[in-house]
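Chains as they are written, first to last, in our numbering: chain A, 1 to 354; chain B, 1 to 288.
Calculated from the structure, these hints are not laboratory results.
All C-beta atoms in this analysis are idealised placements derived from N, C-alpha and C, irrespective of residue type, glycine included.
Worth double-checking, as some hints may not be accurate.
[Claimed, not checked] If you only want the chain B side, here are some residues facing chain A, beta carbon under 7 angstroms, derived:
{"hint": "1", "residue": "Pro-180"}
{"hint": "2", "residue": "Tyr-182"}
{"hint": "3", "residue": "Glu-187"}
[As the list claims (entries may be wrong)] Computed cross-link-like contacts, DSSO-like style, restricted to lysine-lysine with a CA-CA straight-line distance of at most 30 angstroms:
{"hint": "4", "chain 1": "A", "residue 1": "Lys-129", "chain 2": "B", "residue 2": "Lys-204"}
{"hint": "5", "chain 1": "A", "residue 1": "Lys-100", "chain 2": "B", "residue 2": "Lys-206"}
{"hint": "6", "chain 1": "A", "residue 1": "Lys-100", "chain 2": "B", "residue 2": "Lys-8"}
{"hint": "7", "chain 1": "B", "residue 1": "Lys-248", "chain 2": "A", "residue 2": "Lys-100"}
{"hint": "8", "chain 1": "A", "residue 1": "Lys-11", "chain 2": "A", "residue 2": "Lys-110"}
{"hint": "9", "chain 1": "B", "residue 1": "Lys-93", "chain 2": "A", "residue 2": "Lys-73"}
{"hint": "10", "chain 1": "A", "residue 1": "Lys-216", "chain 2": "A", "residue 2": "Lys-292"}
{"hint": "11", "chain 1": "A", "residue 1": "Lys-129", "chain 2": "B", "residue 2": "Lys-93"}
{"hint": "12", "chain 1": "B", "residue 1": "Lys-204", "chain 2": "A", "residue 2": "Lys-121"}
{"hint": "13", "chain 1": "B", "residue 1": "Lys-54", "chain 2": "A", "residue 2": "Lys-128"}
{"hint": "14", "chain 1": "A", "residue 1": "Lys-244", "chain 2": "A", "residue 2": "Lys-262"}
{"hint": "15", "chain 1": "A", "residue 1": "Lys-53", "chain 2": "B", "residue 2": "Lys-3"}
{"hint": "16", "chain 1": "A", "residue 1": "Lys-216", "chain 2": "A", "residue 2": "Lys-177"}
{"hint": "17", "chain 1": "A", "residue 1": "Lys-110", "chain 2": "B", "residue 2": "Lys-248"}
{"hint": "18", "chain 1": "A", "residue 1": "Lys-11", "chain 2": "B", "residue 2": "Lys-93"}
{"hint": "19", "chain 1": "B", "residue 1": "Lys-204", "chain 2": "A", "residue 2": "Lys-128"}
{"hint": "20", "chain 1": "A", "residue 1": "Lys-129", "chain 2": "B", "residue 2": "Lys-206"}
{"hint": "21", "chain 1": "A", "residue 1": "Lys-53", "chain 2": "B", "residue 2": "Lys-8"}
{"hint": "22", "chain 1": "A", "residue 1": "Lys-70", "chain 2": "B", "residue 2": "Lys-207"}
{"hint": "23", "chain 1": "B", "residue 1": "Lys-204", "chain 2": "A", "residue 2": "Lys-70"}
{"hint": "24", "chain 1": "A", "residue 1": "Lys-242", "chain 2": "A", "residue 2": "Lys-223"}
{"hint": "25", "chain 1": "A", "residue 1": "Lys-166", "chain 2": "B", "residue 2": "Lys-93"}
{"hint": "26", "chain 1": "A", "residue 1": "Lys-73", "chain 2": "B", "residue 2": "Lys-204"}
{"hint": "27", "chain 1": "A", "residue 1": "Lys-129", "chain 2": "B", "residue 2": "Lys-207"}
{"hint": "28", "chain 1": "A", "residue 1": "Lys-11", "chain 2": "A", "residue 2": "Lys-24"}
{"hint": "29", "chain 1": "A", "residue 1": "Lys-128", "chain 2": "B", "residue 2": "Lys-207"}
[Claimed, not checked] Quick list of the computed label-pair ranges, beta carbon to beta carbon:
{"hint": "30", "chain 1": "A", "residue 1": "Lys-244", "chain 2": "B", "residue 2": "Tyr-183", "range": "54 to 62 angstroms"}
{"hint": "31", "chain 1": "B", "residue 1": "Lys-3", "chain 2": "A", "residue 2": "Glu-118", "range": "18 to 26 angstroms"}
{"hint": "32", "chain 1": "A", "residue 1": "Lys-115", "chain 2": "B", "residue 2": "Trp-275", "range": "19 to 27 angstroms"}
{"hint": "33", "chain 1": "B", "residue 1": "Val-20", "chain 2": "A", "residue 2": "Asn-127", "range": "40 to 48 angstroms"}
{"hint": "34", "chain 1": "B", "residue 1": "Met-281", "chain 2": "A", "residue 2": "Met-69", "range": "54 to 62 angstroms"}
{"hint": "35", "chain 1": "B", "residue 1": "Tyr-183", "chain 2": "A", "residue 2": "Gly-200", "range": "31 to 39 angstroms"}
{"hint": "36", "chain 1": "A", "residue 1": "Ser-123", "chain 2": "B", "residue 2": "Thr-198", "range": "27 to 35 angstroms"}
{"hint": "37", "chain 1": "B", "residue 1": "Trp-113", "chain 2": "A", "residue 2": "Asn-56", "range": "55 to 63 angstroms"}
{"hint": "38", "chain 1": "B", "residue 1": "Thr-198", "chain 2": "A", "residue 2": "Asn-321", "range": "16 to 24 angstroms"}
The primary structure of each chain is shown beneath.
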Amino acid sequence: MSLELKNVEKKIELETHIYPTNLKLEKNTINILLGPTLSGKTTLMQIMAGLDKPTNGEIWFNEENVTGMKVQKRNVSMVYQQFINYPNFTVYDNIASPLKITGVGSDEIKQRVGKVAELLKLSEMLNKKPSELSGGQQQRTALARALVKDSDLILLDEPLANLDFKLREELREELPKLFEDRDCIVVYATTEPSEALLLGGNTATLLEGKVIQYGKTLDVYNKPNSLVSAQVFSDPPMNITKIKKSGENCSFLDNSVNWKTKIKIKDGEYKVGIRPHNITTYKEGNNSLEIKGKVLISELSGSESLIHFTKGDLNWVSLSNGIFQKNVGDEMNLYMNADEFIYFDDKERLVANG
Amino acid sequence: MNKTINQKAWFFVIPVFVLVAFNAVIPLMTVVNYAFQETFGNNVFMWEGTRWFKQIMLSERFHASLGRQFLFTFIILFIQIPLGIAIALSMPKEGMGVPVCLVLMSMPLLIPWNVVGAMWNIFALPDIGFLGHSLNALGFDYNFTQQIGDAWFTTILMDVWHWTSLVVLLSYAGLQSIQPAYYQAAEIDGASRWAVFTKIELPKMKKVLTIAILLRFMDSFMIYTEPFVLTGGGPGNATAFLSIDLVKMALGQFDLGPAAAMSLIYFFIVLLVCWVFYTLMMRNEGNQ
């Protein structure tokens, strides 16, 4: 089983929403579409589902061309950012609704709904209506509706975006478990890099209607093929600075930071991407470089400290474990882990890691 | 902490009291005053207790006009609510058609009520009116000034023309607020158009429809101007709805006591029906 997009393109009037895209999603995988809002995640999903037709290109499912085939014939299910349930049905009837329409026997419906409800911790609420449930429970119901059907393709369009932090964390942890042992392809759209890392599987980074990179989630994260892909897959945003290299010696253009490197690339100017968590208030790794900055904002997020600082004309972001309170305007020393630097050439393509 | 005493605060409160008193309490109390007493002018009043209320409650004339009133209200609700929903469903959802439809729909609502009555009176006149003349030319024996059925038909048609738009606009607003994802989810499920209507659109429109029905109930139950101008309550008393009958009694016959009692009964019927209806509709809404 596989889902393949062949040169799929979507234009609405003169505006291109999806540039020609080739993607092959394999069975029993979770595929994450990662990109900021308006990057084309939803459009791409609707094309995959058959809710929308591509302007050009073809969609193949199981070696069968399904371009333009109606969504009802495709055995897909979808979960949305909004909690979409039938408002007048009980939770039980909501979950059972996709089965009832396809004419499954009532005993089987009962058994399957019961099983899914248990999986999603809804067993206690089967007789309630969606309006009586919390947001998290409403989304669980919508998830149950998607899972009960044994679809070939399950699409989740930012399913956690409307939940508050705690419920989001809770459901996020359960998600990978839900898709285990399922004979289907899961596509999951999100704007959050951390969600992609947590779910694993494969990731496609998207920006402005283009798929930038597709591969195993960790590979995409560790070896972004381009600066754009790295930026999409970095939150808080990645720090980027220009450097020059000659032989073993590298330095920032203003010579404020110097280090030695073992990577084999030819001498010249490069751009280096440094993820915020590789700039910390303490030394990390064997190749720690000191950097001086002036604090712009210092904020806490849980047990992590996010310190924005300026150095030269650039704004930098650092993310340290632990709680560090700094005053605005303070001069401070931070440490970059040079082993985690990502080097890009003048066309912003990846040249080397570390 | 010491509170400063500042009597000037009363100046902020008193205007509201005065306003409410003048527009609600004092007129209502005058009616209450008349409802329990008999007067022959000169500000001389005699206590009558509940006599006028008993008289009205037992009066066949009141029963008849109340019956006509309920019949009229039910007929127009029965036509206007489904028709309004149907029109709202068939209106465009986006593009240039939207403002055009909305403006066209609002037109009847902007016309003064007595103008509506006068318009339809002239429109329906059997000899010179476009509607009346055409119907007669087509072979129907139509004369709303003389035949009871025709008078009802014309009054109902006028009200449907005048007020269906309100239901349309409210339903349309309700429909527009349904997120597209609901329709997509239904499409994925393979739900029929009818199922989408009954399982998604109607439940989602429940609140606006409750408001639409309430407004249309109240307005039609208190209808006065349009039938007064169109038929004057006739032929005979055939279209003398509660308000028309009440004005006849109060100003025509100058039976102030019974008319005041009737006003209060009328008021309580409207209040009761609205309350019962609203409570029933909202009972399962939880605390949303």
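Right, here's what the structure says about each hint:
1. Pro-180: Because about 9 angstroms separates B:Pro-180 from the closest Cβ in chain A, which is outside the 7 angstroms limit, the hint is violated.
2. Tyr-182: 6 angstroms, holds
3. Glu-187: 6 angstroms, holds
4. A:Lys-129 with B:Lys-204: Distance of about 14 angstroms is within 30 angstroms: holds.
5. A:Lys-100 with B:Lys-206: Given pair A:Lys-100, B:Lys-206 holds - Cα atoms ~25 angstroms apart, limit 30 angstroms.
6. A:Lys-100 with B:Lys-8: 69 angstroms, violated
7. B:Lys-248 with A:Lys-100: Judged against 30 angstroms, a Cα distance of about 60 angstroms means the pair is violated.
8. A:Lys-11 with A:Lys-110: 44 angstroms, violated
9. B:Lys-93 with A:Lys-73: This hinted pair holds, its Cα atoms lying about 27 angstroms apart.
10. A:Lys-216 with A:Lys-292: 36 angstroms, violated
11. A:Lys-129 with B:Lys-93: 29 angstroms, holds
12. B:Lys-204 with A:Lys-121: 27 angstroms, holds
13. B:Lys-54 with A:Lys-128: Status violated; Cα separation ~49 angstroms.
14. A:Lys-244 with A:Lys-262: Holds. A:Lys-244 to A:Lys-262 sits at ~14 angstroms (cutoff 30 angstroms).
15. A:Lys-53 with B:Lys-3: Status violated; Cα separation ~70 angstroms.
16. A:Lys-216 with A:Lys-177: Since the Cα atoms of A:Lys-216 and A:Lys-177 sit roughly 18 angstroms apart, the hinted pair holds (cutoff 30 angstroms).
17. A:Lys-110 with B:Lys-248: 65 angstroms, violated
18. A:Lys-11 with B:Lys-93: 21 angstroms, holds
19. B:Lys-204 with A:Lys-128: At roughly 17 angstroms apart (the allowed maximum being 30 angstroms), A:Lys-128 and B:Lys-204 satisfy the hint.
20. A:Lys-129 with B:Lys-206: 15 angstroms, holds
21. A:Lys-53 with B:Lys-8: With Cα atoms ~69 angstroms apart, A:Lys-53 and B:Lys-8 exceed 30 angstroms; violated.
22. A:Lys-70 with B:Lys-207: 33 angstroms, violated
23. B:Lys-204 with A:Lys-70: At roughly 26 angstroms apart (the allowed maximum being 30 angstroms), A:Lys-70 and B:Lys-204 satisfy the hint.
24. A:Lys-242 with A:Lys-223: 19 angstroms, holds
25. A:Lys-166 with B:Lys-93: 37 angstroms, violated
26. A:Lys-73 with B:Lys-204: This hinted pair holds, its Cα atoms lying about 27 angstroms apart.
27. A:Lys-129 with B:Lys-207: 17 angstroms, holds
28. A:Lys-11 with A:Lys-24: The hint holds at about 21 angstroms.
29. A:Lys-128 with B:Lys-207: Holds, at roughly 20 angstroms.
30. A:Lys-244 with B:Tyr-183: 54 to 62 angstroms: 56 angstroms, holds
31. B:Lys-3 with A:Glu-118: 18 to 26 angstroms: 60 angstroms, violated
32. A:Lys-115 with B:Trp-275: 19 to 27 angstroms: 46 angstroms, violated
33. B:Val-20 with A:Asn-127: 40 to 48 angstroms: Given about 46 angstroms between the Cβ atoms, the range holds.
34. B:Met-281 with A:Met-69: 54 to 62 angstroms: 42 angstroms, violated
35. B:Tyr-183 with A:Gly-200: 31 to 39 angstroms: At 33 angstroms between Cβs, range holds.
36. A:Ser-123 with B:Thr-198: 27 to 35 angstroms: With a Cβ separation near 28 angstroms, A:Ser-123 and B:Thr-198 satisfy 27 to 35 angstroms, so the hint holds.
37. B:Trp-113 with A:Asn-56: 55 to 63 angstroms: The hinted range 55 to 63 angstroms holds for B:Trp-113 and A:Asn-56, with Cβ atoms some 58 angstroms apart.
38. B:Thr-198 with A:Asn-321: 16 to 24 angstroms: Taking Cβ atoms as reference, B:Thr-198 and A:Asn-321 lie about 55 angstroms apart, which means the hint is violated.
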